[in-house]
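Chain residues, written in single-letter form:
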Amino acid sequence: MARSLSLIVATLALLVSPAALAADVVSRTLDNGMEVFVKPDHRAPVVTSMVWYRVGGIDEDLGRTGVSHVLEHMMFKGTEEVGPGEFSEVVARHGGKDNAFTGQDYTAYFQQIAADRLETVLRLEADRMVNLRLRPQEFRKEVQVVQEERRLRVEDDPRSLAQETLRSVAFDAHAYAYPIIGWMEDLRALELTDLETWYGRYYGPGNARLVVAGDVEPQRVFRLARNYFGTLPRRAEPAAVNPNEAPPSRGSRRIDLEAQARVPYLALAYRVPNLPAAEHDWEPYALRLLAGILNEGRSARLPRQLVRGEGLAASAGTHYDPKSRAPGLFYLYGAPTPDSGLDGLEDALLQQVARLREEPVTPEELDRVKRQIAAGEVFQRDSVFYQAMQVGQLETIGYGHEYLDTYLERIRAVTPEQIQEVAERYLKPQRRTLVRLHPQPPGEGDGIPGPGSPAGGGPHDR
Amino acid sequence: MTARIRSAPIGIGVAALILLGLVVILLPDPRKAGPEHYSVPIQTWTLDNGVEVLYVHRPQLPMMSLDVAFDAGSARDPEGRFGLSTLTARLLDQGAGDLSADDFARKVDQLGLDFGASSGRDQLTVGVTSLTEGETTEEAWSLLTTVLTEPAFTGEALQRERRRLLTAIQRDREDPKTVGVKAFYREVYGDHPYAHPTDGVPEELRNVTRSDLRGFADGHFVGRNATVAVVGALERKAVEDLLAETLGQLPAGEAPEPLPVVPSLEGPKEVFIDKEVSQAHVLMGQPGTTRDAPDYFPLLVGNYSLGGGGFASRLMGVVREEHGLSYSVFSTFAPMSRRGPFVAGLQTANDNVPQALSLLQEEVARYIRMGPTDDELRAAKRYLTGSFPLKVESNQDIVGQLATMGFYGLGTDYLERYIPRVRQVKRNAITGAMQERLDPQRMVTVIVGSQRPGDFGGDSDDGDG
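From first to last, the protein sequence lines stand for chains A and B. The first sequence finishes on residue 462 if you use my numbering, and the numbering steps up by one all the way, no holes. The second sequence finishes on residue 1465 if you use my numbering, and the numbering steps up by one all the way, no holes.
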């Protein structure tokens, strides 16, 4: 094709660096301690509005696991003035969508709606922040719905079971070991008073932040926030109950899990630091790039060498998110090919890790990962929801949205030597847990794992 | 900073633009007119080889998104080669022109592209999102064109991707929902090309050869069979020139003959699939409507109150909110080129299946008979009109809408007419359309679970076997 299109370059007057795109979050703190963040995006006359509470799986105790998520469901069951289900009805009447999600580190409620209806949803959110009515009859039905949700997401999904097991073993004595959705036994034992305690302790302006992204002027949002949230009584902020860090990992663990699967699967995870726990503050960025070296795009090592090259994996991947309240996990996972089997895949993945410890990555592949991350940051800003999500998450876990301002700079600054250093320091056997899922044909033995099996990582939608 | 730039509303200049051959949707200033009057100005043109282009200029982010949709979904799989469309899509990133699979991978990653190809029943879609920095978009579209005109389809890649696809199909059998959906399509569509799964069937995938792939690509990746949706920062002129040099170079070819019409079901069918799961999946439905049918809007509005409106729907109200039987319960019309299915479904603990199923049947039958109440109709219209801007919020949303409009021939004024068409729907149009399309006496019902309800269907099917 002819390369005569210099006019494309001429249209680039609008090109801005990704870092600059991150810059325009405006914030205020209300008198009662609640924080408000606004991220204007005027491309379409809509907003995403979110209220984030700093409470999630990490705050829960064994015996009461899943309480944050059940309470999230109950937040739709009405207040003194708003009937059960009415919240969503009102939002829908205004053409909006609403839902909520619970994670390890937070619980968040959101609406996507026409920009001129923002006031309506803020009024309703403020109401349920302090006036929730926990009705016994609604609770009994809803906890049953959550059990169905658990069956859907975990019990009948062998890979979810494997991941749940992995987490429960990897963290020892730390709440990250518990499934966000809760153990089935805990859900059965949960009582309304548990929810009342949870609501009283964690729901209040001091433990919440409002994030609005979209077609709004910050001053208008601040005014509305003062009117509806600013008038709520300040409550004592909840002190952290659970220890932030798990005890150190004392040696590698393996689990062989049998489940009604058709395809074998393997996942392993290393205990790694988040930003505050890192020995050097560049470490989480180096780990992020390390994950990319293995799995960012089609040219990364896992797809190139394991899937295309040696045919040892039908699929393979990594996952690492440095954004969390407590130190988390660096995951590798995959499905073997019929030729490689679980043993072959396990060897291949561990060899990949060993190689990262033994030799520095090439500048060329590192550069490719950095470019992909930079492009991805721009592409993600196409979603208003994502913009609000990012700010809410960063503020709730305590990093602050300013993390975004320097993110790409920090990513660009990482060197091959630093990647080797984090691999040596953190990706070692003492920190490793490995789970292998062995398919068991239907009708042979006790194929269905009991409800005591463990839980998945991602946030749970309502 | 760029987020504050708002694309200028097009008002007075419209007549002039139409004279220039552009189709433009009026865009009053959203700030003054409110969200329901928000619209997106679409420009369309046709390339010399017949490719239809729909384009929206959105300068705020330094990126371009492009989707090209071909009438080449799994409904076009030849007899004996079910899965060919999906396999073709999966091989498109495995080398093209003088690039090996590894070269292609490196190039895509170096440019920071988001590249993907996938198949549904109607369409095979290839998309690429690129930064506008330097000549990134130019390179991206050029690469996309090479992929379509000179796919490598090497023997090695075929073996590997086929094996991975077979593994994915095997894995799908773990998932009770997917097992149920596959059985549902099989029962609803019988001998029609919509009946087989888009991923194909293992026995036939094993027979696919390189020349099958080449034949499928040569026959379908042609100008008269292509719709291109483009959204992003590049100006019209640049897009026009670049498309002429890239996708404009596809051979013109011919669009395939229309698919056969979907026959109606003769009577009810009940299928039970025995699977050791803690929760049963239930699906119920029959052929529904086409994407371009006149009753699309009455059915859209009507289904909102039945089971499309989440917590605002009857099914959710009864099955989840009143009885706590299911986490999710829904109904939907999935219109396609030919009649796509109407389907209602839920999941519930095995013991609860009889109760949940009869609630589902009763609510669906009652709704077909009586339609919505006036209040429900008002609520549905308020939601569907009020939420319209959310359907065209991001660049990616708009690309999706444009591709659908172009592919199904919905008219370039489709977005502009969306809200008025929703508003015009009357109660009797809904009951009329529901009764014409749906018959409670001829539903396909599929249960995937570990306990067959006592009186449920003779047709047993060991989907696990």
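No lab work stands behind these hints, which were simulated from the structure alone. Every value quoted in this text rests on a predicted model; they were computed, and no experiment measured them. Treat the hints with care, as some may be off.
Unchecked claim - Covered stretches of chain A (chain B as the covering partner; in silico rule of three or more C-beta atoms under 8 Å from a C-beta of chain B):
1. 195-206
2. 232-242
3. 258-272
4. 310-316
5. 377-383
6. 410-420
Note that CB positions come from ideal geometry on N, CA and C, so glycine has one too.
Against the structure, the hints:
no. : hint    : result
1   : 195-206 : violated (count 0)
2   : 232-242 : violated (count 0)
3   : 258-272 : holds (count 4)
4   : 310-316 : holds (count 3)
5   : 377-383 : holds (count 5)
6   : 410-420 : violated (count 0)
The earlier numbered hints that this structure contradicts are 1, 2, 6.
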